[in-house]
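Enquirer: Below, each chain spelled out in residue letters.
Protein chains: 2
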Amino acid sequence: MIQTRSRRAAQIASPPPRGTTSAAALPHVVVVGAGFAGLEVARGLRDAPIRLTVIDQHNYNLFQPLLYQVATAALSPADVAVPIRSLIRHQNAHVLLDDVVGVDRTARTVSTAAGKTIGYDYLVLATGCVYDYLGHDDWPTLAPAPKTIDDALAIRRRVLLAFERADATCDETERNALLTFVLVGAGPTGVEMAGALAELARATLVRDFRRIDPTSARILLVEAGPRILTSFPEKLGAYAHRTLQELGVEIATATKIEKIEDESVVAGGERIAARTVIWCAGVKAGPVAAWLGARPARHGKVPVEADLTVPGQPEIFVLGDAAAVKGPDGKDLPGLAAVAQQEGRYAARAITARVNGQKYVAPFSYRDKGTLATIGRSSAVADLPYLKLTGIVAWLFWGLVHIFLLIGFRNRAVVLLNWLWAWLTYGRGARLITGQIEKSTEHCPGVGR
Amino acid sequence: MIQTRSRRAAQIASPPPRGTTSAAALPHVVVVGAGFAGLEVARGLRDAPIRLTVIDQHNYNLFQPLLYQVATAALSPADVAVPIRSLIRHQNAHVLLDDVVGVDRTARTVSTAAGKTIGYDYLVLATGCVYDYLGHDDWPTLAPAPKTIDDALAIRRRVLLAFERADATCDETERNALLTFVLVGAGPTGVEMAGALAELARATLVRDFRRIDPTSARILLVEAGPRILTSFPEKLGAYAHRTLQELGVEIATATKIEKIEDESVVAGGERIAARTVIWCAGVKAGPVAAWLGARPARHGKVPVEADLTVPGQPEIFVLGDAAAVKGPDGKDLPGLAAVAQQEGRYAARAITARVNGQKYVAPFSYRDKGTLATIGRSSAVADLPYLKLTGIVAWLFWGLVHIFLLIGFRNRAVVLLNWLWAWLTYGRGARLITGQIEKSTEHCPGVGR
Numbered sequence: 001m002i003q004t005r006s007r008r009a010a011q012i013a014s015p016p017p018r019g020t021t022s023a024a025a026l027p028h029v030v031v032v033g034a035g036f037a038g039l040e041v042a043r044g045l046r047d048a049p050i051r052l053t054v055i056d057q058h059n060y061n062l063f064q065p066l067l068y069q070v071a072t073a074a075l076s077p078a079d080v081a082v083p084i085r086s087l088i089r090h091q092n093a094h095v096l097l098d099d100v101v102g103v104d105r106t107a108r109t110v111s112t113a114a115g116k117t118i119g120y121d122y123l124v125l126a127t128g129c130v131y132d133y134l135g136h137d138d139w140p141t142l143a144p145a146p147k148t149i150d151d152a153l154a155i156r157r158r159v160l161l162a163f164e165r166a167d168a169t170c171d172e173t174e175r176n177a178l179l180t181f182v183l184v185g186a187g188p189t190g191v192e193m194a195g196a197l198a199e200l201a202r203a204t205l206v207r208d209f210r211r212i213d214p215t216s217a218r219i220l221l222v223e224a225g226p227r228i229l230t231s232f233p234e235k236l237g238a239y240a241h242r243t244l245q246e247l248g249v250e251i252a253t254a255t256k257i258e259k260i261e262d263e264s265v266v267a268g269g270e271r272i273a274a275r276t277v278i279w280c281a282g283v284k285a286g287p288v289a290a291w292l293g294a295r296p297a298r299h300g301k302v303p304v305e306a307d308l309t310v311p312g313q314p315e316i317f318v319l320g321d322a323a324a325v326k327g328p329d330g331k332d333l334p335g336l337a338a339v340a341q342q343e344g345r346y347a348a349r350a351i352t353a354r355v356n357g358q359k360y361v362a363p364f365s366y367r368d369k370g371t372l373a374t375i376g377r378s379s380a381v382a383d384l385p386y387l388k389l390t391g392i393v394a395w396l397f398w399g400l401v402h403i404f405l406l407i408g409f410r411n412r413a414v415v416l417l418n419w420l421w422a423w424l425t426y427g428r429g430a431r432l433i434t435g436q437i438e439k440s441t442e443h444c445p446g447v448g449r
Numbered sequence: 001m002i003q004t005r006s007r008r009a010a011q012i013a014s015p016p017p018r019g020t021t022s023a024a025a026l027p028h029v030v031v032v033g034a035g036f037a038g039l040e041v042a043r044g045l046r047d048a049p050i051r052l053t054v055i056d057q058h059n060y061n062l063f064q065p066l067l068y069q070v071a072t073a074a075l076s077p078a079d080v081a082v083p084i085r086s087l088i089r090h091q092n093a094h095v096l097l098d099d100v101v102g103v104d105r106t107a108r109t110v111s112t113a114a115g116k117t118i119g120y121d122y123l124v125l126a127t128g129c130v131y132d133y134l135g136h137d138d139w140p141t142l143a144p145a146p147k148t149i150d151d152a153l154a155i156r157r158r159v160l161l162a163f164e165r166a167d168a169t170c171d172e173t174e175r176n177a178l179l180t181f182v183l184v185g186a187g188p189t190g191v192e193m194a195g196a197l198a199e200l201a202r203a204t205l206v207r208d209f210r211r212i213d214p215t216s217a218r219i220l221l222v223e224a225g226p227r228i229l230t231s232f233p234e235k236l237g238a239y240a241h242r243t244l245q246e247l248g249v250e251i252a253t254a255t256k257i258e259k260i261e262d263e264s265v266v267a268g269g270e271r272i273a274a275r276t277v278i279w280c281a282g283v284k285a286g287p288v289a290a291w292l293g294a295r296p297a298r299h300g301k302v303p304v305e306a307d308l309t310v311p312g313q314p315e316i317f318v319l320g321d322a323a324a325v326k327g328p329d330g331k332d333l334p335g336l337a338a339v340a341q342q343e344g345r346y347a348a349r350a351i352t353a354r355v356n357g358q359k360y361v362a363p364f365s366y367r368d369k370g371t372l373a374t375i376g377r378s379s380a381v382a383d384l385p386y387l388k389l390t391g392i393v394a395w396l397f398w399g400l401v402h403i404f405l406l407i408g409f410r411n412r413a414v415v416l417l418n419w420l421w422a423w424l425t426y427g428r429g430a431r432l433i434t435g436q437i438e439k440s441t442e443h444c445p446g447v448g449r
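Order-wise, the sequence lines are chains A and B.
Our numbering applies: residue 1 is where the first sequence begins, and numbers increase by one.
Our numbering applies: residue 1 is where the second sequence begins, and numbers increase by one.
It cannot be assumed that every hint is accurate.
As the list claims (entries may be wrong) - For the chain B half of the interface with chain A, some residues (derived, Cβ under 8 Å), not all of them:
{"#": "1", "residue": "Pro77"}
{"#": "2", "residue": "Pro83"}
{"#": "3", "residue": "Leu134"}
{"#": "4", "residue": "Glu164"}
{"#": "5", "residue": "Glu234"}
No lab work stands behind these hints: they were computed from the structure.
This one's a predicted model, so the numbers in the text were calculated from it and none came from an experiment.
Glycine included, C-beta positions come from ideal geometry on N, C-alpha and C.
Take the sequences, apply the hints, and build the full model.
Expert: So, in structure tokens, the structure goes:
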């Protein structure tokens, strides 16, 4: 303790605390968003002669690819999130928990919800994406999407409560509605959620309930497109389709969601009584284009130059899901962690080069390392550059890659331990109903504090 | 999967689902509250010729003694909670997630918030306690207490946000108020919280912040009584006092909290600007006495007979923190997990004996196995029947006992892993600010979704 304290004292004594009002001559890099892209920028600038400020609306970096496991009670939030401060603690960085609300390109400042104005020499906007509810303002409440930790916990609460209430009710119609789960969108998130939900019901909860049969839960995956996992090769999509069906998931392709209401959805002209609807459909960029006065590309993304900067604003980079970056095939690069990370590393290199007076920076190019999606216990699909894998081999590969990509020894060890335990026992360790509980209907048990 | 499904089908086919409306001739035992006492009753009745219904307002059994570690970002909620259903899944038990709101002793029914009426032959009320805010209705919001998971997460959020906002503000007076933490009550909970908070600030957060010095955080433990840990021998209390002071905790004994306001407290006539106040003072029983029309003993507890039943109602047991049970010294037994568990096991034996036609049941007697409180890294006090321990020996003993008392292999392994990691790295793995964030003041960063 005493050692820690004196180390600290020395630290404080030598370099004066730096901030936006500091007169330091070093160029100031402001990174907005500490997701996959933003974190790589920050880390890549560790040894650059700059001052760094990282602004995020959360105090943690979230490992999105495993968030569906929080929503389905397999992992805890802290297993997939690491405080931003601790990730860049060895750098001369200032971390600010705040919401950016605008950019002034002339004055070169960003303004925040708390009323701060922060000047920049280089600005990196890596604000990610939000789920696109296609203009339906009431749908986010009716059908939460697994995007933030709070959303994932809300989904977990709704799913677990649905089983509890189905067990408590005496009304069969209501029980069926409670045991019907509709997932909208069969991309990787929808497929992974569907598989995890099916296993939660059929392998874990089946042992916990006596009055209801959790295996009778109806899990319905609705996709507007012609098949599931459209971003994967057809063969892998077909494999995933069969595997999900074997897990008991109903799949309706070429089916549009027309309405989402309190107790039902209308899909493909049919009304389905369902108390739990989970949104896994398309995403769109946040308000970055509006901040920059740019004309948004598809999905609200900001079109960028080959060096990931905004046309006419070489000091502003847009990265990750917020940016429309053309791949070699002329299509926008997909919204993958690998894309964001590579862009982040590139931007750090580009900023370092420019700060060091280098004029030309080679354009960004994406190295495709493949994509993965897990379908359930011992089953996944892997679309790798020279290899397509399915089944347990793909699943083990998926697991290894994700453990490796997780940040920090503790999270890796805890996730591995949870997975081993779940695999051996069919258990799911985080089956807790926490947070404010949505109102129950007449036939259901009310739940208070 | 197919195997699981057929096993389930067989299970459903053989015994009809039992419920409160079932005509089964077996006596119906209703247990309200699945804490330490209630869970022991339920488990102790596994082989008894009865039907069992367990009602709880949460879907999990909470290991209260480690909840302060959730509040101080060392553990996740799922590490200290296990779903009730999975704990008694091998019994013929019905689990109901609901709030009991009343008891009709004549009709022998309990009524719930969801409008259910459930008949009983034996009723076990093990509803625990709530924090006693001494009649101040606004204090629970101003000064949350570490009692439920949601409370613990609210405390975690406030503590971590206070450091973030202190880092962001330019106003020194405000920064000092944000870095002042007042803990009310120096029983085991207050002492453990104070030690954990001091370590969070001085060993963990110290590495994360550059503009503020987390070691300058003022942690003030306020106790109305003449010394801390009054339930422990004076020598152990004095040791804890010294150890806390070494950790940098200020202790004010014989000091009453007079006011708690939005941004300050008044204690011992002095106003202290503090943005975070945590309530760790006395507890009281829930509304059990009112349900039973009984005249409450101290702290709202229900006085019970030597067999833990209510006078004149031999079919109603009251256990744990809800019951006033006299110890050999004539004083009420303390609110300890060990007391609740022993009472639970006793009640299960007593009910089994009575159901089996046995007339006489020996009275309950408590075997004191000692009490423990941890003060910080490598330091604790242990008041054992023939032994008083302090320091690292007590701390190791504390750790061993708590790992042993935790339920389930997964939770034991995860908690042990987190502790080892924290001990080796001074890290705390659950430093996440989640949930709805309290409004910020002008000088602080506003935080949204």
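Enquirer: For every hint, state whether the structure bears it out.
Expert: Right, here's what the structure says about each hint:
1. At a threshold of 8 Å, the smallest CB-CB gap from proline 77/B to chain A is about 6 Å, leaving the interface hint in force.
2. Because the smallest distance between the Cβ of proline 83/B and any Cβ of chain A comes to about 5 Å, under 8 Å, the interface hint for this residue holds.
3. For leucine 134/B, the shortest C-beta to C-beta distance to chain A is roughly 19 Å, which exceeds 8 Å, and the interface hint is violated.
4. The interface hint given for glutamate 164/B holds, since its Cβ lies 4 Å from the closest Cβ of chain A, which is under the 8 Å cut-off.
5. Among the interface hints, the one on glutamate 234/B is violated; its C-beta lies about 26 Å from the nearest C-beta in chain A, farther than the 8 Å criterion.
Comparing the model with each earlier hint shows violations of hints 3, 5; every other hint is respected.
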